[in-house]
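Q: Here's the letter readout for the chains.
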Amino acid sequence: MPRSTPVPALAAPAARVHESLVLEPRDVRFDWAELPLHWIPDEPMATHVINVLHLLLPEGERWFVKVFKEALPLIRDEQLREEVLGFIGQEAIHAEAHQEVLDHLLAQGLDPRPYVRQIAWLFQRVLGDKPGLTPARRRENIIERVAFIAAIEHFTAFLGNWALNSPGLDRAKADPTMLDLLRWHGAEEVEHRSVAYDLMVHLDPGYLRRVRGMAVSGPLLVHLWVRGARFLLAADPTLDGRLKPTWREAGRIARRGLLPGPVRSIRSGLRYLRPGYHPTQEGSSSQALGYLATSPAARAAAAANR
Amino acid sequence: MDLHNPPPDLYGRPRADAFMRRLTAFGDRYSPALGGPLLRRNPRRPYSRPTPQLQLVVTARSELATDVVELLLADPSGGPLPSWQPGAHLRLALSSGRERHYSLSGDPADRTAYRIAVRRLPEGGGGSVEIHDTLHPGARLTARRPRNGFAFCAEPAVLLLAGGIGITPLLPMAREAQRHGLDWRLVHVGRSADTLPYTDELRALDPHRVVLRADDEHGVPTGAELLAHAPRGAAVYCCGPAPMLTAVQRALDGSPAGALHFERFGAAPVTDGEPFAVRLGVDGPTLEVPADRSALDVLREARPDLPYSCHQGFCGTCEVRLLAGAPDHRDRRLTPEQRAGGALLPCVSRAAEGETLVLDL
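Taken in sequence, the protein lines are chains A and B.
FYI, the numbering for the first sequence is 1 to 306, going by our numbering.
FYI, the numbering for the second sequence is 1 to 361, going by our numbering.
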């Protein structure tokens, strides 16, 4: 069993550390054999709201990788290209890590496949390549998808920052391996939070592009999350469909520190639209890198790679 | 996956999923609409230009310790250099075409010059020897802007572990720790006392927090001995030869330290490699892969946009399809089915001597 790891305290020069970080994927492994179905004990709703991550991320992050690979030939800056390559590797590992949880859910009698089938359709068909576009329109499609990803990455950084600062999950005795997955992933999201945004601005600095990215991705993400939570609670074999998610209940759970607050989340989405926005204004690279230096999974990966 | 028939209802009800239907219709209209007015990049807006490389001139050179020279690199016109933070490195392009990373060992507050220290390694790849032999005051060279793969997070308690020339990134960290009043310790180990650079500068920061240790007097320290200097719960920053880092990693769990930072250097040197060849497509050009380079390295010269990331065979980003040839798979990512289907990771996978791998590129 990995040790439960306290998140390191923030120190003084935190905000400055972010400049020009080298991004590299970490080859982490998690062992899910012991993971209980409700990994926040006696909190099926909080568990499943967070579990929606595992439904969305494998397909979503594979799509990020695909779009960013297509964007590579459009990049005219060597440092940005290196950051994008680091981002791609990190996202590829994230997708696999969450896929394993999905496989574990199925083994525990919760069949996630109907929902995952829809998410696969969304990312591969709705947001996938459209045949017959002119090169100019194809290029516009790539940039537009980068703008969707930049908006989604704003939320993943917000959620990552929340995961790194969520003592409520420790108090509720959430499973330590799952906490490490969430915080490792969250820390890497904070670490690479600028890459998608910088890539979007590099390809198209227009404000309209940024707004469209959030206008499409933000509401879609919220809707998919609500749908996913409702689906998981209905599919949970131990609940017999007795538990219905409500906003009131979500607010109550958020106040106990088991979920990010709905109001805070929406406010965060609106900050993305501020003219002077940059992802470095959210979260702390120091805290993220500090966690990655303690994370049992990241440490085991580092030791195995020597 | 089936991309023709929309997915069924989430709860198995015998009807099409309305949300999925609306999303699909939206996507089918949105994609072709992009490129029209307001739905495209403003054509009047200029494209962003790549960040130019730094042009630097050597302004000073001194012998720091046996076989170690220190160089000061400045802007030829005397202007301020791009800022950096402790742990950052500079990638120098040498006149032979070699590229080498060196950690910045100076003070980030000093924007007039970058300071690096280079140990002469006669058995190395030739970069350090070239620097020792050719970079004298007045010499010009180009470099990339500083990047940081070893960021200092300024935890309340830190232990800095340096092996030999590995002191270079840790010296600015010690300075920053001292400036912020952190509870810090620094242990510097090396073969003998005369090979340890920056001794006086470290002692000047705070002699009580610095431990210097020469192997010829005290023997090679174990990981546990090094970590015994850590304040309880400290974050360790380690930079030194690979055996030292491995020893520290192994001893970490039983030590007072709580976290370990170290710089990761993507590609490991190729071991047990034989020369082979790759062909880009059935009728394409054939490229020779030397025994000490990866196929990815060679492929990137011909195809600069080839994606890659980890260099170690675990992330799968560089996956290519093999059309013919007998590969030696060395990755940790692909399943036997994927390999049977022709997947190959050229960042680590190779082939036997004389073999040609035909790739779908």
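Hint data in this document are derived by calculation from the structure and do not stem from the laboratory.
Because the structure is a prediction, the values reported are computed rather than measured.
Ideal Cβ placement from N, Cα and C applies to all residues, glycine included.
Accuracy of the hints is not assured; some may be wrong.
[To be verified] Covered by chain B, according to a simulated footprint, are these stretches of chain A (three or more residues, beta-carbon under 8 Å):
id: 1; region: 86-98
id: 2; region: 134-144
id: 3; region: 289-295
Q: Look at each hint and say if it fits the structure.
A: We went through each hint and held it up to the structure:
no.: 1; hint: 86-98; result: holds (count 6)
no.: 2; hint: 134-144; result: holds (count 7)
no.: 3; hint: 289-295; result: holds (count 4)
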